[in-house]
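**Student:** Spelled out, the chains give:
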Amino acid sequence: MSPSTNRIDTRFAQLQAEGKRAFVAYVAAGDPDLERTVDVVLALERAGADIVELGLPFSDPLADGVVNQLAADRALRAGATTAGVLEMIRKLREQSQIPLVLFTYLNPVYTYGYEQFHHDAAAAGADGILVLDLPPEEASENPEIRPTAELRHIQLIAPTSPVERIKTIAGLAEGFVYYVSREGVTGAQTEVAGGIAEQVALIKSATKVPVCVGFGISSPEQAAAVAGMSDGVVVGSAIVKLVGKHGADADLPHRIEAFVKPLVQAVKAV
Amino acid sequence: MSSATALPLPTMPDQHGHFGRYGGMFVPETLMAALNELSAEYDKARKDPAFQAELNRLLHEYVGRPTPLYLAERWTEKLGGARVYLKREDLLHTGAHKINNALGQALLALRLGKKRIIAETGAGQHGVATATVCARFGFECVIYMGKVDMERQALNVARMRFLGAEVRAVTAGQATLKEAVNEAMRDWVTNVRTTHYILGSALGSHPFPMMVRDFHRVIGVEARRQILEREERLPDLLVACVGGGSNSIGLFHPFLNDEGVKMMGVEAGGEGILPEKHAARFQGGRLGVLQGTKTWLLANEDGQIELTHSVSAGLDYAAIGPEHAWLHDQGRVEYTFATDDEALDAFQELSREEGIIPALESSHAIAYVKKIAPTMAKDQIIIANLSGRGDKDVAQAARMIFGEELKF
Numbered sequence: 001m002s003p004s005t006n007r008i009d010t011r012f013a014q015l016q017a018e019g020k021r022a023f024v025a026y027v028a029a030g031d032p033d034l035e036r037t038v039d040v041v042l043a044l045e046r047a048g049a050d051i052v053e054l055g056l057p058f059s060d061p062l063a064d065g066v067v068n069q070l071a072a073d074r075a076l077r078a079g080a081t082t083a084g085v086l087e088m089i090r091k092l093r094e095q096s097q098i099p100l101v102l103f104t105y106l107n108p109v110y111t112y113g114y115e116q117f118h119h120d121a122a123a124a125g126a127d128g129i130l131v132l133d134l135p136p137e138e139a140s141e142n143p144e145i146r147p148t149a150e151l152r153h154i155q156l157i158a159p160t161s162p163v164e165r166i167k168t169i170a171g172l173a174e175g176f177v178y179y180v181s182r183e184g185v186t187g188a189q190t191e192v193a194g195g196i197a198e199q200v201a202l203i204k205s206a207t208k209v210p211v212c213v214g215f216g217i218s219s220p221e222q223a224a225a226v227a228g229m230s231d232g233v234v235v236g237s238a239i240v241k242l243v244g245k246h247g248a249d250a251d252l253p254h255r256i257e258a259f260v261k262p263l264v265q266a267v268k269a270v
Numbered sequence: 001m002s003s004a005t006a007l008p009l010p011t012m013p014d015q016h017g018h019f020g021r022y023g024g025m026f027v028p029e030t031l032m033a034a035l036n037e038l039s040a041e042y043d044k045a046r047k048d049p050a051f052q053a054e055l056n057r058l059l060h061e062y063v064g065r066p067t068p069l070y071l072a073e074r075w076t077e078k079l080g081g082a083r084v085y086l087k088r089e090d091l092l093h094t095g096a097h098k099i100n101n102a103l104g105q106a107l108l109a110l111r112l113g114k115k116r117i118i119a120e121t122g123a124g125q126h127g128v129a130t131a132t133v134c135a136r137f138g139f140e141c142v143i144y145m146g147k148v149d150m151e152r153q154a155l156n157v158a159r160m161r162f163l164g165a166e167v168r169a170v171t172a173g174q175a176t177l178k179e180a181v182n183e184a185m186r187d188w189v190t191n192v193r194t195t196h197y198i199l200g201s202a203l204g205s206h207p208f209p210m211m212v213r214d215f216h217r218v219i220g221v222e223a224r225r226q227i228l229e230r231e232e233r234l235p236d237l238l239v240a241c242v243g244g245g246s247n248s249i250g251l252f253h254p255f256l257n258d259e260g261v262k263m264m265g266v267e268a269g270g271e272g273i274l275p276e277k278h279a280a281r282f283q284g285g286r287l288g289v290l291q292g293t294k295t296w297l298l299a300n301e302d303g304q305i306e307l308t309h310s311v312s313a314g315l316d317y318a319a320i321g322p323e324h325a326w327l328h329d330q331g332r333v334e335y336t337f338a339t340d341d342e343a344l345d346a347f348q349e350l351s352r353e354e355g356i357i358p359a360l361e362s363s364h365a366i367a368y369v370k371k372i373a374p375t376m377a378k379d380q381i382i383i384a385n386l387s388g389r390g391d392k393d394v395a396q397a398a399r400m401i402f403g404e405e406l407k408f
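For the protein sequence lines, the chains are A and B, in the order given. Mapping of the first sequence onto our numbering: position 256 corresponds to residue 256, and the numbering continues sequentially without gaps. Mapping of the second sequence onto our numbering: position 85 corresponds to residue 85, and the numbering continues sequentially without gaps.
Bear in mind the hints are in silico, worked out from the structure with no lab data behind them. Treat the hints with caution; some may be incorrect.
Subject to a maximum C-alpha distance of 20 Å in a straight line, what follows is the list of computed SDA-like cross-link-like pairs (lysine to any residue) [stated by the list, open to error]: (1) K147(B) / V66(A); (2) K115(B) / K204(A); (3) K167(A) / N36(B); (4) K167(A) / E37(B); (5) K241(A) / G173(B); (6) K167(A) / A33(B); (7) K241(A) / E37(B); (8) K241(A) / R77(A); (9) K245(A) / A172(B); (10) K167(A) / S205(A); (11) K371(B) / G80(B); (12) K262(B) / M376(B); (13) K268(A) / R46(A); (14) K147(B) / D73(A); (15) K241(A) / R36(A); (16) K147(B) / L70(A).
Okay, chain A solo, but in the shape it has when bound (with noise of 0.2 Å):
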């Protein structure tokens, strides 16, 4: 896929010439089930995400916080498979054009298949991928996880990083950067962290990609906090606390969409 027809490109081209924040959100792709995903991925697109982040269930996602850990076990308990995530990608793309990133462990993908899974996930209509424990040095270390162009590559860098770290990896960068402004797992947090524009500005020098910031944010005001330091927010342990909450409910991405609506409004707002 080149440059210029990746869904992610696009969007964030569009997001640029509007000079407006992108809005990412994530969920655990089979929570509750794989059919509803695509529910609750319509009711995203609807409350106006630009991106959203998919995430294929690993039965120990030790980057994770408990909300994500309880996602995916759920999943997993109502059958969630690596072919059936990509089926149900494939559904979606009937109804949403919206830019889809999976996010997921090594394993899964490791067993599938590396490079077949990047080839089926792109066919199936996936934009991006970030394997969490799959380090740059990694992926260049072992023949067999060699990154392929049919996908974006979303690096992820925490504050922990180095500064030397930080510029290898945001030269690596596809898609956009996500920034982790907390140390931790994933999770809601009361406060935003302190120290993100100065991160942001540092990732910046060192990439031309977007660099969207997450991990803990959960309220309109922290979007709109982040969103005045960044190129985009991510929210996903709230919105997956709540699939978690209503997930057999008839209402759910009812319930979605009136809960990141707002979210939505105040990075639009910055």
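Let chain A serve as the given structure and place chain B on it in line with the hints.
**Tutor:** Here is chain B on its own, set in the frame of chain A:
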């Protein structure tokens, strides 16, 4: 006094922790800085004579090294084959080999200026060893332990609490060792600036598999010297149980260049090699990545980690240390398994024949010796690693063997 540096420093892994196609640093970016810092500091420490001298002094005075290499005469006679020596790691302070590594890493934490220590534990031996060294150095100590393991190892939970550690129950998933590692990693990601994670096996991301191995090499270094003194020749066979693989790599490693010495790692066969009934990664496992390392593991066709089972909490884990995966590929070490029943049987036999109650983990190695020794010649020599003592397993064994519930 024992010396862990009697033989040249090993050359594997490479600088990023690869043992051939295994190992590496498959961790989230949030942990990279801490692991690189740890690698750099360990690299300095392992070459620092003052660090090694302090480690050796404490291993001798506090931990009780060297441990005896004991000829099990009565049992040898009964088995009627090879002479069986036991490397008595069960006689160490806290009752198992685990303290070799816990002490080494505590000294590293001192160098790193980190005063809060976390660890995972399965059987509780690593947790007890970590709690012990934390008390010795005045560190704050949090131990993550699966709820199921806390029930089967209640004695060790109480010991950790006496030693001043906080034991946090992990209820996720199967609530055993793997989940405890996940929780410890999560804690570390959150508190990485103040906290050192004392990983207890030759597992996880680089530098842990290398570092844990180096701290346990003293087992093999001593055993090699002792057998040469006693028998004036090297053994024919080394036997050790393999969960993550720390006691086995510690015994095996100093003998790797001794061509005539065969080595056998014994995995947990549980109730037999059926899905979710065992923890023998070389029996029906597959190549994959779990908790920081690329290795053999038990997972389904979608890469989801499978449930495991073993009578011994310390062997009940879905992945094997990456260096073992490499040694397996090289054909340098062979791997087999012993079932729960075989281990329980060995537990009783060694207790009666030698007056030594082995840990259920070590009983897997004993079970293999019981099988193989009678097939070997009387002038052949086996060294089995008695990695821990069985006191912690008494309640569970009483339930399984006598059908009795012990009340404490």
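**Student:** Take a quick look at whether K268(A) and R46(A) sit within 20 Å of each other, Cα to Cα.
**Tutor:** holds, 14 Å
**Student:** Between K167(A) and A33(B), is the straight-line Cα distance small enough, at 20 Å or below?
**Tutor:** holds, 14 Å
**Student:** Taking only the CA atoms, is the gap from K115(B) to K204(A) under or equal to 20 Å?
**Tutor:** violated, 35 Å
**Student:** Check the hint pairing K147(B) with D73(A) against an upper bound of 20 Å on the C-alpha distance.
**Tutor:** holds, 18 Å
**Student:** For the pair supplied as a hint, K241(A) and E37(B), confirm whether the alpha-carbon distance does not exceed 20 Å.
**Tutor:** violated, 35 Å
**Student:** For the pair supplied as a hint, K147(B) and V66(A), confirm whether the alpha-carbon distance does not exceed 20 Å.
**Tutor:** Holds: K147(B) and V66(A) sit about 16 Å apart, inside 20 Å.
**Student:** With a cut-off of 20 Å on the C-alpha distance, tell me whether K371(B) and G80(B) pass.
**Tutor:** holds, 11 Å
**Student:** Compare the distance between the alpha carbons of K262(B) and M376(B) with 20 Å, and conclude whether the hinted pair is satisfied.
**Tutor:** holds, 13 Å
**Student:** Does the structure keep K241(A) and R36(A) at a Cα separation of 20 Å or less?
**Tutor:** Holds, because 15 Å separates the two Cα atoms, which is no more than 20 Å.
**Student:** Under the criterion that the straight-line Cα-Cα distance not exceed 20 Å, is the pair K167(A), E37(B) satisfied?
**Tutor:** holds, 18 Å
**Student:** Has the given pair, K147(B) with L70(A), been kept, meaning a C-alpha gap of at most 20 Å?
**Tutor:** Holds - the C-alpha atoms of L70(A) and K147(B) are around 17 Å apart, at most 20 Å.
**Student:** Are K241(A) and R77(A) close enough, with their CA atoms no more than 20 Å apart?
**Tutor:** holds, 17 Å
Hints 2, 7 from the list above are not met by this structure, while the remaining hints are.
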